[in-house]
Each structure stands twice: as C-alpha cells, then as structure tokens.
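Listed here are the chains, written in short residue letters.
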Amino acid sequence: MLIFCATLTVRYWHQAVRWTVFHRGSSQRSFKCMWRVICWRAAASVAWAVLLLPPSIAVFVIISRVSLLHPIQWISECVSLLTSATAIFSFILLCGVVLIVGFLNLEYYTVIPSIACSKIALLGQLLHPRQFVSSLVHCILGVIVAWCCAVTIGGRYQTLGYPCTQADGSPQLCLNEYQVILLLAGAFVGYCHSVLGVIHNMNYVSFHTVQQYKYLRFKGSLPLVVKCSAIQALYSVRNYLVVYFFLGYVPRTWICKTLNLQLNRLVCSLHPLDTIAGLLDFSLLYHLWISGTFLLFTWYITLLLFRIFVTEVCFPVQSSFTEDVHQCLPKVLTGQQPAILKFLALHDLALLSQHSPSRRSEVFSLSQPGGHPHNWNAISQECLSLLADLTQRLVAHHDTVATNGRAKSLSTGSDKKSLSSESSGTILLSSQDVMTPRPSVLIKTPASVFLRSSVGSPLTVPFTPDLDSPFSSPALRRLAGPVEQCSPWHGTVQSPHIMRRGPKLWSTSTGERGLQNKTEHVIPIVDPCAIWANEFSKAEQLKFVCFFTLNCPIQVKNFLAKRVLIMYLLNKLPEASSQALFADTQSHIWALEGLSYLVKASFSEDQFGVVQTTLPSILSSMLVLQEAVDRHFKLPHASSKPVRSTSSMEDSSYKTLRFALRATLKTAIYRITTTFGEHLNAVQMSAEHQKRLQQFLEYKE
Amino acid sequence: IFKHEVFDNQPFVIPLSLYFPRESLKPHSRTESSSKAAFLDHCETLWMRSAAAWRDAGLTGLLNEIANSSAEVPKWLSVSSGCVLALLQRISSFHGSLFPHLTLSSEDMIAEFSQVLKWSDCAVRAFAWHPHTDKFAVALLDDSIKIYNPKSATAPTLKHRLQRSVAAVQWKPLCASALAVACQNCLLVWHVDPCSLSTRPSSGCAQVLSHPGHSPVTSIAWSPSGSFLVSASPMDTNMMVWDVAAESCVPLQRVGGGGVTFLSWSPDGSHVLASTPAALFRVWETRMWTCERWPCLKGRCQSGCWSPDGSRLLFTVQGETVIYALTFTDTPGIPSNTKGPKAAAVVADLSETTFNTPGGDIVVGGEIQSLAWDPRGERLAVLLKGQEHFSLDRPAMIAVFKTRTSPIFELLPCGFVQGEPGTEPRLMQFHPNFQHGALLTVCWSNGRITHVPFYFLSAGMARHGLGGSPPQPRPEERPADYINQTLYTELTT
Chain G
1 MLIFCATLTV RYWHQAVRWT VFHRGSSQRS FKCMWRVICW RAAASVAWAV
51 LLLPPSIAVF VIISRVSLLH PIQWISECVS LLTSATAIFS FILLCGVVLI
101 VGFLNLEYYT VIPSIACSKI ALLGQLLHPR QFVSSLVHCI LGVIVAWCCA
151 VTIGGRYQTL GYPCTQADGS PQLCLNEYQV ILLLAGAFVG YCHSVLGVIH
201 NMNYVSFHTV QQYKYLRFKG SLPLVVKCSA IQALYSVRNY LVVYFFLGYV
251 PRTWICKTLN LQLNRLVCSL HPLDTIAGLL DFSLLYHLWI SGTFLLFTWY
301 ITLLLFRIFV TEVCFPVQSS FTEDVHQCLP KVLTGQQPAI LKFLALHDLA
351 LLSQHSPSRR SEVFSLSQPG GHPHNWNAIS QECLSLLADL TQRLVAHHDT
401 VATNGRAKSL STGSDKKSLS SESSGTILLS SQDVMTPRPS VLIKTPASVF
451 LRSSVGSPLT VPFTPDLDSP FSSPALRRLA GPVEQCSPWH GTVQSPHIMR
501 RGPKLWSTST GERGLQNKTE HVIPIVDPCA IWANEFSKAE QLKFVCFFTL
551 NCPIQVKNFL AKRVLIMYLL NKLPEASSQA LFADTQSHIW ALEGLSYLVK
601 ASFSEDQFGV VQTTLPSILS SMLVLQEAVD RHFKLPHASS KPVRSTSSME
651 DSSYKTLRFA LRATLKTAIY RITTTFGEHL NAVQMSAEHQ KRLQQFLEYK
701 E
Chain Z
1 IFKHEVFDNQ PFVIPLSLYF PRESLKPHSR TESSSKAAFL DHCETLWMRS
51 AAAWRDAGLT GLLNEIANSS AEVPKWLSVS SGCVLALLQR ISSFHGSLFP
101 HLTLSSEDMI AEFSQVLKWS DCAVRAFAWH PHTDKFAVAL LDDSIKIYNP
151 KSATAPTLKH RLQRSVAAVQ WKPLCASALA VACQNCLLVW HVDPCSLSTR
201 PSSGCAQVLS HPGHSPVTSI AWSPSGSFLV SASPMDTNMM VWDVAAESCV
251 PLQRVGGGGV TFLSWSPDGS HVLASTPAAL FRVWETRMWT CERWPCLKGR
301 CQSGCWSPDG SRLLFTVQGE TVIYALTFTD TPGIPSNTKG PKAAAVVADL
351 SETTFNTPGG DIVVGGEIQS LAWDPRGERL AVLLKGQEHF SLDRPAMIAV
401 FKTRTSPIFE LLPCGFVQGE PGTEPRLMQF HPNFQHGALL TVCWSNGRIT
451 HVPFYFLSAG MARHGLGGSP PQPRPEERPA DYINQTLYTE LTT
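Protein chains in written order, with our numbering: chain G, 1 to 701; chain Z, 1 to 493.
Okay, chain G solo, but in the shape it has when bound (with noise of 0.2 Å):
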C-alpha cells in the first residue's frame, strides 16, 4: 500500500513536471520554475530508486546467505531477516544513502564534459576541494553501507566487537575485525567510485538520439548496470585487498584505541587478516564482493534514473499545448539559463521541427499586430549564433595550430573578430550582425562549465581550454606578435602542452602571424600570468604551474623536461584538445537539425515566406562551419577514432561528438539542397559558396 501511494505520488510529481513546462514562461519567473522542474525531476528519480532498494535488498541477502546445501533453512533464514527490525532499520539507512547520492547527482552533474587535457589537469580536478568533498562523502556512505551489509548478512560480521577472554583468562571486548574489513571495504569502494567518477566523467549527462520511454529505457539498461556494478566491484576488492595487506593495521590500531577494544591475540594469531593466508578466506572474499556490488548497485541504479529522468525530453510534440510552449521556447533558448535547460529547448526544437507540423506552423507565424515573424527570428538567430560560435572556436584553434605546428591551447568564445581571413567575407558579415546583439549568450566552451554551478568558480585548471581567461585567446597571442617576437614568455606561455616536440617550439613563425594581425583589432595587452594568478587564486596550489610555465628560463624547462614524471604530468593527452573543442557539440547538432527540418518544412508550409529573408545566412553559417570542420579533421588525432568502453557506466557519447556533428552537418545541408534544388541558383551567396552549394547540389561532397 506504502508503495502504491509513493507510485501515485510519483507520477503526479511527473505530470506536475511536464505541465510546468508547459504553462511557464513568458517572464522572468520561467526562469525559476525551470529549474523547479529540474529538482521535481531529480527527486522523481530518487522516489524510484528508494522503491527499487527492497527488491535489491532482498535479492543481496538471499545470494550473500546462499547454501544450497540446505535450500529450505536458506529461504526461511532469508524470508525472517528481511522481516526482521534490522533489516528495516537498514533500510531506512539506506534509504538516506540514496538521498545523499541523489542530491549528490544533482549537485555534480553536468551536460558539457569537463576533459582534461593533460594529466596535471586531471590530477587538479581530483584534488580539487568540491571533489574531496565528494570523495569523503561517498566514503562515509560507504561505510554505512558496508555496515548494512555487514548486519544483513550477520555471522561473524555483525558486530564490531565481541567478548573475549584474554590469555590471563579475565573477559574482555575485543575487536571484530571481519566487521572492520568490510566497513573499510565499503570506504574504498565508495572512494573509488567518486574518483572514478572524475576520471571518467561519471556526472556527464547525455541525451540520447533514441527516444524511449523511461521504462523502456530503464529496462534496457538494467542488465548494463549489474554487470557493470559486478566487474567494478571486483577490480575495487582486489585492490582494497592489496591496499589492506600492507596498511590494514593502521586502522584496526587506530580503531582499538579510539574504542578501548583488545585484539584478540588468541584469534588474530591463527587468522589476521593482513596476512595471505588471512585473506584468502572464500567466504570473505565473496561477502566482500557481493557487498561492493551491492553497494555501486544502488548508487548505479540512483545515478542511472537520474539520467534517465532529467534527459527525458519534456515536451511530447503534440499540438494541444502548442501556444505556451511558443511564447516559451524562444525565450528558453535565448535566455540565460542552466546549460540543462537550453539543451531541453534545443533538442525539443529539433523534434518539433521534424515532427510537429502544427508546432512548425506556428514558428512561420507572424506576430499578431505588426506582422513581425519574431518566433522565426529568434529562433534562427539562436541557431545561427550556436553555430557561428562554433565556426570562430574551430577557426581560432586551428589558427593556433597553425602558427606553430601544434595545438597550443584551446580557443575561446571571448575572440570575437578572430574569424581569420580564411573564412569568406560574407559569411562573417552575417554571423557577426547575428551575435553583436547578444554576445554573452553564448554556451562556454567545456571546462568553464566545468560542473553546472561552477561558472567562474575556482574549479577551472590549468590546461583545461577555458573561455574566459583571455590567456589562452589566440587573438592576444597574435595580437603580441610583432612586439614579442623575441620576448622570452611568447614561447613560454605555449609550453606545457609543447615541451616534447621542445625544438620546434621555439622557432617562431612570423608570416602567417604578421597577416593575422592586419585582421586584428587592438586589445590592451595584459600580462598574461597576471591574468591568469588571478583566475586561479583561490585554488593556491596551482601557483606554481603558472609560474613555472611563464616565467622559467628554457634552461628549467630543458630541466624539467628530462624528468620523465614532470614531462608524464605535463603532455597533453592525445585528442583530448578535439574532445574539449566539441564538448558541448550536442546543442549545435541539434541547432542544425532544428534548423534544416525548419527550412525544409518551410519550402511548403511557410506561408509568409519568413525563412526566405535568413535562407542566405543560413546556408552560408552551414558552409562555413562545415569548412571549419573539414579544416579541424585534419589535424592529427582529430580523426582517430576513441576506444570504446562497453563494460562500464561510464557514457563515453561525448567523446565521438565531432564525428556526430560532421556527419549531421553534411545531411543537414544536403538536407536543405534536396528540397529546395536548383531554387538555391537564385539565392544571393558569395561565388565561393555557390560553388560550395552545387557541389552539393550535385552530390559530390
């Protein structure tokens, strides 16, 4: 009956999802009541988790008692302890462990991935404080899980201590320290599964290109997370037990003397447990094993309904609820939101815009007085400035590389004239009038999102691309050209992620720079290690790298580099420069759908003609992305393709975005040329782009 009502509540809580989103926002409010949606989502989530621990509790406590020597007593054992106080009170506690690890989820999660670009960078997320706080929060979770284990499966694990007696016969309370071993297993595993997390950017959200529906989805997945909970639990045990051979006393010293407990000289002679011959106990090992795969289970599953239920694509493309969603959809996409909230809009632009004839009509619309077409505008401009965004970051990173023959550091959002003269004139007329209204609408390149709420925050590494330190623009470094040509910190600024191709580096190159910089227009220059101590103040620690990469002489560098650790740490890893530069390609490949399926569709039901007058920039902002794009899949490791995980919870989508944008960018212009045909001969585009287009329109791209 409890659950019955909890299912209601659930689903109530869901409608209540879905027509929020609906029926809000055409005010400042919507802001606020979209994030509530969010929340609902995640609490949703966790409701379902909590109802799924009974039936994971019991299937833990039927295998961790198995004997199938004695079925009969194993299922009465089984059936009187899962109705017994403890196995409720451990219920509860568990109960609270999911809560903690819900709002962990969403708290932590993120839909742009954070990739670090050498190991140095990653070794700073990991000793990051918001992520030790993550650590030690899932230890102590750990630990309590461990310990409802630990009174589950009972025996010579349910308490921490037992009376004794010692060698001179008086009675005692000595340690139990099979109970010790699985509390500290449990504090492992939970550490391993938070720094794992990092490694593998566990709290990456993606959508799925597949719509199911939830169910469905849970499903699916259902078996991908027990064997995945089962092979990660396996690999955490065996290193725990390592770890515990040689550091296990510590604790249990540590334990005794903060309980006033004895160690029963007696016992731990014949078994302790530090020793071979003490950890190869098979029923230890098993309890162990079953209890960390107990243990990721339930935070699996926590973690996989909130994915399942915060992606889920809010707006079912129906034409009852068309008119709120059109005062809102623009809105959600220009405003300032949570990235969560503009990916939502986008991908529901690209259903729609595929789907919904009804919905698309009402983008073709005009306004009622004034017979402005305001929904298509806004909506094309969005799109058009997502995708002009995109071209400038691939411009400027391929500018970077080839000045000096590497990638140096990641572009930025924040050059906004880097357009190089590569790139046609018209183009760049057209995508610069769309963003000069709105420059800071733009979604921030990966790492400055590093986790949702870190906008700004002190969470930002070294070497990770990051938008706002104008450090890492190309456009200063260009912009320094002339005058630093022989300045000891042009060199030095490129160094961390050069130092092993260290003679190339040096070189400078002074012609393709000395045309850039006619395109340039002048920027104060700054120092730039000013800048950058100043990003990073509040993370102290890393002082020191911007010292180091500034300011040393070569002759420390050449020092450095021949101590193979420093040069281990300081490489940047291959492709993960590619990765970053796409990290949050999702919304632009849903950008271009929304946008072809829209210019598609218009060539029969937009009745006013008002995707005519953007038709030229729209395809000339495709073309010149799309070159962009060829131009980066030449570099090296931009097109090699990432090894694929099958056998963890790790979504790696993120990793093969570039591949996924290519690939919907070339059918999304395809897209528009098939419709439309020999009609484009009449639009107005440069000569370049006509060529461009009829290569298309002949099928030969």
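Hint data in this document are derived by calculation from the structure and do not stem from the laboratory.
Keep in mind that a hint or two might mislead.
Cβ pair distances, simulated, as ranges [said to hold, decoys possible]:
1) Z/Lys118 <-> G/Gly677: 37 to 43 Å
2) G/Val66 <-> Z/Ser202: 38 to 44 Å
3) Z/Asp393 <-> G/Ser361: 56 to 62 Å
4) Z/Gln387 <-> G/Lys214: 49 to 55 Å
5) Z/Pro358 <-> G/Ser361: 57 to 63 Å
6) G/Ala58 <-> Z/Gln387: 56 to 62 Å
7) Z/Gly256 <-> G/His637: 43 to 49 Å
List time: in silico DSS-like cross-link candidates among lysine-lysine, alpha-carbon distance up to 25 Å [stated by the list, open to error]:
8) G/Lys700 <-> Z/Lys151
9) G/Lys700 <-> G/Lys600
10) G/Lys691 <-> G/Lys600
11) G/Lys214 <-> G/Lys227
12) Z/Lys26 <-> Z/Lys118
13) Z/Lys118 <-> Z/Lys146
14) Z/Lys159 <-> G/Lys641
15) Z/Lys342 <-> Z/Lys298
16) Z/Lys26 <-> Z/Lys151
17) G/Lys691 <-> Z/Lys151
18) G/Lys691 <-> G/Lys634
19) Z/Lys146 <-> G/Lys700
20) G/Lys634 <-> G/Lys700
21) G/Lys700 <-> Z/Lys118
22) G/Lys119 <-> G/Lys641
Examples of chain G residues lying across from chain Z (beta carbon under 7 Å, computed) [unchecked claim]:
23) Phe659
24) Ala660
25) Tyr699
26) Lys700
27) Glu701
All of these numbers come straight from a predicted model, not from anything done at the bench.
All C-beta atoms in this analysis are idealised placements derived from N, C-alpha and C, irrespective of residue type, glycine included.
Go by the hints and put chain Z onto chain G.
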C-alpha cells in the same frame, strides 16, 4: 522478352546492363580458423591454449580445449568440463527446438531469410541504387562490392577482411558517399568519396559496427532522414538502432519471435517493419520506439514494402500466396486513439494460374519472395518464387501491378517480366528517382543486371492527400473467400 506496357520513345539513357558471369567469381570458401592447418603445429602450454580458446570462442571454446586435453589436466577437470559442455549443448538444442532457425549455419540463415531468391548461388547478392543520383552498388558472390556511376569512368571495388556473405547493401539518404553493408559478422559503413579516382578504396574508409551476438546481419535499413541505421539478425532478439557517426547502438529488445529477419523503413520515416523468424512481425513507430505486434496465421512475414507516403504497408507471408495490406492513418503529430489498423486486408491473390499463350501454356503464381513498390506508388513488382516440380515447371517470375493509393487503393495486373530463356530473376529494385515513370532493375540468375523501364505519366500528383478507405476489407480469418478469385483472369482479355 519483356512483356510490359507500351514504351513511349522518351529520350532517356537507361543505365547499361551489366554482366557478372557466375564462373568468373570465386565464392569465399575459406573460413577464418581453417588457415590453421597450413601452419606447423606449435606446442603451447595448456594455459596459452586455454587463453587463446577463451579469446577466440568464449566459454565453449575453453571448455572444449580443457575437455580435449585430458592428458594434461586433472581428470576431474576434464570430466567436469565435458559435462558442462554437454549440458550447454542440451540447453542450446532445447533453445533450438523452440526456434528452429537457430540451428542453421550463418550462410544458410542468410539464404533462408534474404530477400534474394536462392541467395547462396547468386552471382549478384545484393544491389542498391543511390537514393539521389544514378549510381548503384552491387555486391557479388566473391564478397566484393562494385560501385557504378554513369558520370564517372572509375568503378571502385570495395573489399574488406570482414566483408563476407553480404546479405544487403543500402546507401545512406541525404549523403553522397556512405554505403551500409550487412555482413556475416558485422555491419560495414563505407565512405566512398564520389570525387575520388581510386578504384580500390582502402579498408580504412569503412567503419565497422558490431555488437556481440548480433550476427549474421540479414537486413539493414537507413532512416529516410539519414540519421539512424537499423540492423537485424535472426540470431539476436535485439533490433539495433545505430548512430553511425558515433558508432554507438541502442538495442531494442523484444523476445517474442526469436530474432529479426527483415526490416523496412517507411519512406516518411514514421514506421519500421520488422519481421521475425516466427509467425509474427512488428511495426515500430520511430518517435518513441514502441511497437505493435502482428501475429500471422501461417508463417513468417517474408517481405514487405511501404507506399511512398508511408500510410500503407503491403506484406506477404511465407506459405501463402496472397498480398496483405495494412493502413496506418495516424499522421505524425496528430495523436489518434486507434493505434493503426485492426486487421490486415487481402489485396491480391497470386495463386497458381495457367495462361494460354502462343508459345504454350505458362503457369504462374505461387509463393512470393519479395515485393517492391516504385517511389511514386504506381507500380508494384512481385517476385514469385516459382517451383521446379517434376510434373509442372513453374519458373520464378516478376509480376507487375499498377497501383493507385488515392482516393482508394487499387491494384491492377499490368504484366510480367521474364528474362532470357533459362534464367530467372533473383533480385529486383526500383530506381528511386526515374523521371519518366518507373525503372525496375532486375538481377538474373546468370549474373546479368538489366533495367526495365515503365514509361507513364504520373497520375497522382494528389498523393499528398492520403487516406481513403482500404478496399473492401476482408478479414484474414476467412481465407476461403479469396480462393476463387484470381486477379490474373482479368489479364487474359
């Protein structure tokens, strides 16, 4: 001899017919493991051999290895692994008795479920027109694929180590270069640069898509928007939806039926037909990927095709000689309470009929191998299996119908397509954008590919207004009804 409607003398260059003599193509006979025999036996330790067996063949391989090397392992180990092996075989044979097709070898399975008639000895195993241009791809018996383009002199040949037993090929829509190939163990997606002059694109141009347990792949279908590729294997109850660029897949599992054999994506992209080896097929809608189950009465769904607007599905069932139709009236975006039609209607009966022709009596009719509907929805080609019986020889033949989908669905006999004496059609496909009517490409048993044009003026420009009621819905529960009606009798006039 082509018997079909009158040609207008339109100035259109029909693509050249091609000829691939069966003798010039060597089928692939070597299996991957048989090359072992060519090398000297090398003594490895039991551990090495076990590891290799585990890597190559999984658990059964490992157990086999242990059971076979009883001299080196303790007796209890070899005996117990032998027992486990026997148990596994029992279980798999039980599973096989539930789904008999699982006992077939993968080659036989492809032959059984392919849309190609007698796939195993066919010189041309698969054929695909490019959806937008005049080029096409031909998969041959020797596991190579050739691409012909009338506008270019080079005909690239695609070969890949994994490209074996090609069951189907299909070009990606809204793309100039991507070609998906269904192979024995995986899917390949070739990217053949249309401007390249190379005649042998390297295997680096091919993406390999594979998923454990998903082989052999017998059918593939691109979504008309070019964003997804679905693949089917009779061994796998999952239907895979691939995001090709990301090389990731979403398995859509439905256990009933024991596998998926044939896929067809409706031209408007809203539905996918997925038939299973059992007497059951499914129609998936592609927005939320839910499906409708359609149990058949007699056998599995052998073939199917969609009308151009995606509102009508024609399909045939193995063991029956009729064509069924299903009508889907719910247009996307407008929710309807009724989820599609309730029952399939019989629209044509192709049971055996004799024609008196000047050259003697001809017997046609029988079971249907595959269906093809021209992109305008005006011609339906039906490949009849034929039968080589001792008393009466019934050759495989293509029957062509005139169809109209609006205002009501009509299906009228139009004619037959026959090849040179002694040859039979194996495979057919309509050209996706033939200007002057419809162009049917037929691959014959002697390795010839010919193009059969049907010139006509398109009657239905009004095919956007879909709908209309299905013609005299005859519930399939009364199969006796249509026995006396043979549509061929009208042809003799």
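Going back to the hint list, which numbers does this structure go against? 2, 16 and 21
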